[in-house]
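Protein chains: 2
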Amino acid sequence: MPLTLKDIAKIAGVAESTVSRAINNKPGVGEETRKKILKIVEEYNFQPNKLAQGLAKKQTHILALLLPDLSNPNYPTIIKSIEEVANENGYQVVLCNTDNNPEKEKGYLELVERNQVDGAIVVGGELADRHILNLALNKNASLVLVNRLCEELTIPTVLVDSARGAYLATEHLIDQGISEIALIMGLDREFLESEKLEGYKQALTDNGIELNEKLIVQTEGSREAGYRAFLELMKKGVTPGGFFATSDLLAAGLVEAIKMGGYLIPEDFSVVGYGDSLVSSIITPPLTVVAEPLTRLGKLAARNLINLLNGKQPAEIIKVLNPSIKVRNSSTPHIKDK
Amino acid sequence: MPLTLKDIAKIAGVAESTVSRAINNKPGVGEETRKKILKIVEEYNFQPNKLAQGLAKKQTHILALLLPDLSNPNYPTIIKSIEEVANENGYQVVLCNTDNNPEKEKGYLELVERNQVDGAIVVGGELADRHILNLALNKNASLVLVNRLCEELTIPTVLVDSARGAYLATEHLIDQGISEIALIMGLDREFLESEKLEGYKQALTDNGIELNEKLIVQTEGSREAGYRAFLELMKKGVTPGGFFATSDLLAAGLVEAIKMGGYLIPEDFSVVGYGDSLVSSIITPPLTVVAEPLTRLGKLAARNLINLLNGKQPAEIIKVLNPSIKVRNSSTPHIKDK
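As given, the protein sequences belong to chains V and L, one line each in that order. Numbering that gives the first Met the number 0 puts the first residue of the first sequence at 0, with every later residue one more than the last. Numbering that gives the first Met the number 0 puts the first residue of the second sequence at 0, with every later residue one more than the last.
In isolation and in its complexed conformation, chain V is listed as follows (with noise of 0.2 Å):
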């Protein structure tokens, strides 16, 4: 059992208020007495900040969860299985949309520093962001990474492989004779984009086939994006036999530009995206996909804030889930005569 402020107290024989002042460094305490108390804490291995934290903060039971795009459609997932555990466990979530922008996250974040939200799970988007650090480290906030990382601190984190991932769709294609395979993905500066990227590689390394940078063509990530990649090609005269997009829109965009083109899909180009989502499954023929395990990873992530705000450091800071591909018509140009 956890040490509490009160047991320092107590071993200390001083008041509550004057621990969590020595441990939060604030004024008004003699530095005598501070360091008996620190001396106390030492010794009994004892996580100063989230008690303190306890101390201090007011509970609002109210949990934040950051996205960093609201049309990403595997995000309903996420953001259901999330909003179970936390119910369960009496916190209610409000959603903050960052639109990836910096300022905007900051924004939202700032609610976990004010109290006004107990802790923040903080979705996807770009590399270690500053803030997320500093905020981590005057560790008085209460913060899950979900599919980002963070590599300096150790903030819990849940993700889905998607290295893996990508290396799953490549090998797929690979798997179906061939070997000019484009990639069409969104911008290597953020984690998740950079990951698909070292799988794409990977899985043609293991497989005997040369990179062809002509065939990786970053974007913005938009379904405009993804029509105007599949232009973009053809106006070099780069012909891939297949496309692995790495997400949704990415996939419907290129998609449709293929069939613009009054080329077929699969005969002509095999296409891959990355994602079980609604629009995946939509899409004529429906596509071949990565699909990521989305209920387990918001499950995993409400769980570790919940334990975080109760003290509780999970058994794993950075556990990685594995994507399995989820094979559909659009990869497969003779599926039934098999």
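Be careful, since some hints might not be right.
Intra- or inter-copy, both count: the list cannot distinguish identical chains.
[Said to hold, decoys possible] Taking lysine-lysine pairs in the DSS-like style, the calculated list, with each CA pair at most 27 Å apart, reads:
(1) K105 - K57
(2) K5 - K38
(3) K200 - K9
(4) K200 - K325
(5) K105 - K79
(6) K325 - K258
(7) K103 - K57
(8) K298 - K311
(9) K105 - K298
Derived by calculation from the structure, the hints in this document are not laboratory data.
We have chain V already, so just place chain L on it with the hints.
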């Protein structure tokens, strides 16, 4: 210029806090003084609640946006336009997913009651919830409704005339020479769905077509429900010439079922959907839909709420916007020949 609390205090020759207590009907004010203050308030046609609220409330500069269903593909556009106006005016927006669950909705509205947010925009959902009524009646809350109607009160509301939208959809099918038009809808206890039902009926009446109740299928509104609705009609031997599905998801499921049955769209069945979202344009063939002015809807709602927070009522308490019809390939058999 509206009268301030300070003005009233000056006129009455009392402290501002006394004025506040008097108009909030709180103890600590003599009966004589209370009457005097209330008389001034009445004389100057002063709205006590808004002002009292400004005094009593600690401003958070956060607005809550309550949404009944996160997977609705129209919401990202509404959310973005609300956020745009809010951010321009120095407000953050937090999103609350009510899942059409009155308990969850109540929980989020309590954020307003407890002043954890300054006000709320409530989107869609069922008719006039008692809790919203009460919250508005006790007047301590700044609320704006979007696509939802609260008949007994004058809560500022912005809505799209969905009856008109359904009318346009039905009339469009009639214009294609179709008289047997199936209506695949959500539950009519939801305000918008009941409105669409009325619009559908009116279009039939205006065109001298008798209502056939067998052609109306009420569902819970999901993609699966759209799929089942088609099978249900076929099983009953009902074969309409066209379908009007009142949401994108219903249309998506309906289209799948039609194709699965080996029928062609629009050659065998014309289909019109509701809502100009990603889904409706990705479906093959792209769907003719009723398009709503979602950006305008969101911006108006946000402006109304911010005005309310500044003590200004909107010029029109209930503002009705008109939808339009966007014709694509799902309803026009020979569009190129015409």
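Copy assignment of K103 with K57, given that the CA separation must stay at most 27 Å: Result: close both inside a copy and across copies, 24 Å intra and 22 Å inter.
Intra- versus inter-copy proximity for K9 and K200 (alpha-carbon distance at most 27 Å): neither (60 Å within a copy, 76 Å between copies)
Alpha-carbon proximity between K5 and K38, which holds within one copy, between copies, both or neither at 27 Å: within (16 Å within a copy, 55 Å between copies)
Status of K57 relative to K105 across identical chains (alpha carbons, at most 27 Å): both (21 Å within a copy, 22 Å between copies)
Identical-chain pair category, K298 with K311, by Cα at 27 Å: within (16 Å within a copy, 43 Å between copies)
Homomeric proximity label, K105 with K298: Cα distance no greater than 27 Å: both (25 Å within a copy, 24 Å between copies)
Alpha-carbon proximity between K105 and K79, which holds within one copy, between copies, both or neither at 27 Å: both (24 Å within a copy, 18 Å between copies)
Alpha-carbon proximity context of K325 and K258, limit 27 Å: For K325 and K258, the Cα distance is within 27 Å both inside one copy (22 Å) and across copies (22 Å).
Intra- versus inter-subunit Cα pairing at 27 Å for K200 with K325: within (21 Å within a copy, 43 Å between copies)
Taken one by one, the earlier hints fail for this structure only at number 3.
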